[in-house]
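Assemble the complex: chain Z is given as a structure, and chains H and F must be docked to it using the hints.
Chains as they are written, first to last, in the working numbering: chain Z, 1 to 300; chain H, 1 to 325; chain F, 1 to 537.
It should be emphasised that the hints constitute simulated quantities derived from the structure, not laboratory data. Bear in mind that the values here come from a model prediction, so they are computed numbers and not experimental data. Careful: at least some of the hints might be erroneous.
Anything over 12 Å on all C-beta distances counts as not near chain H; from chain Z, calculated [stated by the list, open to error]:
| no. | residue |
| --- | --- |
| 1 | 70 |
| 2 | 122 |
| 3 | 190 |
Result set (EDC-like, lysine to aspartate or glutamate): computed pairs, CA atoms no more than 16 Å apart in a straight line [stated by the list, open to error]:
| no. | chain 1 | residue 1 | chain 2 | residue 2 |
| --- | --- | --- | --- | --- |
| 4 | H | 51 | F | 192 |
| 5 | F | 272 | Z | 64 |
| 6 | H | 47 | F | 192 |
| 7 | F | 349 | F | 490 |
| 8 | F | 35 | H | 169 |
| 9 | H | 159 | F | 490 |
| 10 | F | 399 | Z | 64 |
| 11 | F | 47 | F | 508 |
| 12 | H | 47 | F | 137 |
| 13 | H | 51 | F | 273 |
| 14 | F | 211 | H | 130 |
| 15 | H | 50 | F | 137 |
| 16 | Z | 36 | H | 130 |
| 17 | Z | 163 | F | 403 |
| 18 | H | 80 | F | 192 |
| 19 | F | 512 | F | 137 |
| 20 | H | 159 | Z | 264 |
| 21 | F | 35 | H | 170 |
| 22 | H | 80 | F | 195 |
| 23 | F | 112 | F | 158 |
| 24 | F | 304 | F | 195 |
| 25 | H | 50 | F | 192 |
For every residue, glycine included, the Cβ atom is placed at its ideal position computed from N, Cα and C.
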Amino acid sequence: MFRTKKQKEELANDLVALSKKNTRTADILSRLVRNKLGMLGMIIIAILLILVIFAPVFTDYPYDAQSFPDRFINPCWEHPLGTDNFGRDLWSRMLYGGRISLLVSLVAIIISSAVGITVGAIAGFFGGRIDNVITRILDILMAIPALLMAIAVSSALGTGPMKTALAIAISGIPYSARVMRSTVLTIKDNEYIEAAQATGSTNARTIFKHVLPNTIAPLIVSATLDIGGNIMAISGLSFIGLGVQAPTPEWGSILSAGREFLRDFPPIVIFPALFIGLTLFGFNILGDALRDALDPRLKD
Amino acid sequence: MAKYIIKRILWAIPVLLGVLIIVFTITYLTPGDPVQTILGNGYTPEKYAKKAAELGLDKGYLAQLGSYIWNVVTRFDFGKSYMTNIPVITELTTRMGTTFSIAFLSIIVTILIGIPCGIIAAIKQYSALDYGFTSFALICSAIPSFVIAPVLLVVFGVKLRWLPLSGLDEWKSYILPVFVNALGGIALLTRMTRTSMLETIRQDYIRTARAKGLRESVIIWKHAMKNTMIPVITVTGSWLAMLMGGALIVELIFSIPGLGTYLYGGISNRDYPIINGSVILTAFIVCMMSIVVDILYAVVDPRIKAQFSSGKKKKKSVQAAKEAA
Amino acid sequence: MKKLRTLVCLLLVVLMVLALGACGSKKSDDAEISKAAVPGKEGSGYKYDSVTIGCSIMPNFITGTTPAENDGACSLVFDEVFKVDPVTKEVKSEILEDWHFEDDTTLVMKLKDNVYFSNGDKATAEDVLFSYSSHVDRSSAYIWEFNILYDECEIVDELTLKMKFSTFYSAFFSSYIIYLYDKSWAESVGWDSLDWQKPVGTGPYVVSDYKIDDHATFTARDDYWNKDKDPVTIREWVLKYYKDTSTMEMDLEAGNIAMCQFSASEYERFQKDGGKGYDVLTGSAGVNHFFQMGFLENDCWYDKNIREAFAVGIPWDEFGQVVLGVTWKQATSSVPSDSPEYKNVGTYKYDLEKAKQLMTAAGYSEEKPLEIHTVTMESPYFSKCCEAFEYYCNQMYVKFTFDLKDIAATINDWNTPGSGVECGFYYDNFGSQDGQYVRGLDWAANPNGSNWTFIDDEYYDNLYLEVAASTDLQTRIAKSQELQQYTYDEFLAIPYSEMTFQVGYRTDVFGKAQMERAVMNSEYWNLANMSYASAWN
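For reference, chain Z alone in the conformation it holds in the complex:
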């Protein structure tokens, strides 16, 4: 599984040779591969995704099979992570719960990125009054507590995974819009944009063909880092009673429901925390590695 240094160098060279056209992509990939921590992060995430997506392969128990005599069993062969206060297998709940946690987080990212990118790009590119107005609106949105937003969404639309994703997405829009805006501002002043416009490119064409491709890098980085942050936000919401509700399993709600058993039966708290922690860890170091790889100035 782990390559030797020589293998890695060869791989890097191969990538370069294979894609003469896309030397940039090859460069990025090779830098990424060389970053040990980044690779570790990728492996962690890959394992988690496989476990979670193919959950029925890895466990026989459904996540909601309660069994009164089997409550609070310590980790053993039949129940690798033990059972909870209802007698449900914790390993299954972690796997199926992971589906919800990751899915909600992903959906939230997609929504907030889509809206944020659009808004930020418009603000950054057109500048002037439009920029001013949009920035003020973003300021207003940022000043509204996420808690209030989450409660409003769940009160108005009901609870459930998708509604939670929406609540988190709305709170995250201002931030991705800001990132996009500042990136666009930086790029806008570059000469090739001036050149493109001088040669008669329309605004839309300029945005899509010249500006956006160069903004992808910071966006990818921030999206990767945000996935972890969103999982944290979901579990924080579950702690105060919002978020995903029973009986849908989700790492954060399992964690907060298990809090009352913290001292008597720690597994019920340790394992969700471990899964959340590992996922965050993985996404964060992957995000950092991506940032290192994508930024040409960090090249040694």
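Frame of chain Z, contents of chains H and F only:
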């Protein structure tokens, strides 16, 4: 420069107004009736009408919004809590002291530990120290605060009995809440500083300085720091603003009566004056913090300072630079 | 560069000063909050100078007009007109010298001559009348629940009053906790005034400090009217408020507070590992936990087959143990076993096959299950109830769905017919002072309660009112037992546990006998009882 600051402060007013209108509308439309919450079960329609009139909730949306804004602007009257009848402004000022004291202590600890760690990690990139600090930062940010806080309470409060478990009665009570807050902040700041420093020291002008033979410490402190600090200031500013708004989970677990629990209680009871008042305060803090951050930018980066001079001047100076090139 | 450094250093210094200043001023502003119990000073006559206890509900005002405010705070500053002895279950009075029935429906009450309020006013019959009538005037939660107050009242002289009832309900003495208010003071400040945080009462204590969401301090009155007969031995009570109950329990273990309520998991740990320096008092709260069927919200409940299916198709003992942990106590009637009215009507035997047959007879099957829904509060307890219930329902052709909402939204739905609250898990959290049945199912016979607790059965409702109206104890017991049997036979409400309370207390501060005199159920602690010299035996 001063003109810029005044302009920013003036801009804060419509932002605050916007926040108020949005929040007011959200709470107005959210299902859940404060009159019912106060009266509980089994009230008569007359009793309901009387209570609603008392609280001013029988008027229409615009009338309620209008009278609230009028009271705030002319008399600084944020109303009284529906549940406790205590004026909102009194509660806010008391709780501000509590929350701010924890917030400032937390941010100081965060800055004092986070920034140096990040700098060291950046200078010695790819070394054991770098991996160590980075991993530590990542682990800290990966543990939810409501998991680590009870564990710390059990260890330090119950088993060892070194620290008090709740409230803020003595200086020892500050240790655990500040620590839990700081953990999250340190993780963030270390990684941010490290990345920013890495970006900076790869720049050409740093290479030039090295070529000139300057000492490493001079390079770092004299040349690299300023540019490094810009994104760090942004992050610190928003983190501090969040802490000043009241870190809800920490306040809940350590039983600290601060701004976070105030808003949370208000939302649960649909206590509109509390919600509106708290949100205005939080929005105000965020606006002020962003102004402070912008000022610090200007202090740190003369290029940004130059931008604050009027448009004409800028064009002239850019023109002059172009001609000189 | 230098400028930047100085600026940053300056900023840090300013922040540090601010922070320290905030800390410092905080300390001097607050009253001294002692740890658990501070022994009394020499020669003061007090056994303890200050005792700190923990509570998780802090009333906004201390008025004693809603059951949720009977947190011990009220017992310190007010005297009750009638109260029930926790141990002997006798009805007594702190402030009445005598009461008797002139005839079947007229009650005469005579005040003691030396009762004084903390502001110096003397207590008169007017004050007693006002204490009752104010509940009616304010339509407080007590009154509409029971609807069994007097019809008219006559002031005979300064200390005597006569109450006339159309029908006298024996629950009159024990169902209400009526505190003696000072009429002139209450009328002068009004009911919504902040003065009610430091109310005027005849009790042995006054509120010296009240900080919402933080703590309340009660100091013994030097001019307490009953001082010579039964002085208090604790000079100061501090009620410390906790938003998080696990922190409160940890504070008890660490010795920072002297008494607090225990949750099921904390009690379980106590049973396993024992407590270092603390013990747990457990007892019956006087009511049961019920699965309640919302007759008005879903017609399915009118079908006896369906009701029986729920009774036998769900293992209620298991359900109770999952939801309540070690605090579960098997319920063998709709009345708790320590009530004088109790009759062992038995439990339902779990028979899943029979339940399925009943559901099929009612027209439901695996493909077409019965759909029921509920809305309840988002809390660990209700969440567990709903999760467990959903699982068991799935086994017997029932599709149970639920919405957990916050308090305000839940109350909104509970008060609005048609919001889909078709069943619920109910417990009367006011407890029953003497185990009387009427307080156990008060909402069940009252269609004006929540729309999901009313049992729409004519025979039941009539029998219920007969029980409540009986003035003779033997008749009352007989009728109540008939009602319990009827409830069981007709599957009208399913009790899944007796409600027990657990109160942890430090053994170096309080004794067990003393605790038994004071703690009546999880909501009602008579702290004054604990403070009297007579309690320390």
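Among all the numbered hints in the text so far, which are the ones the structure does not match? Failing hints, ascending: 5, 9, 13, 14, 19 and 24.
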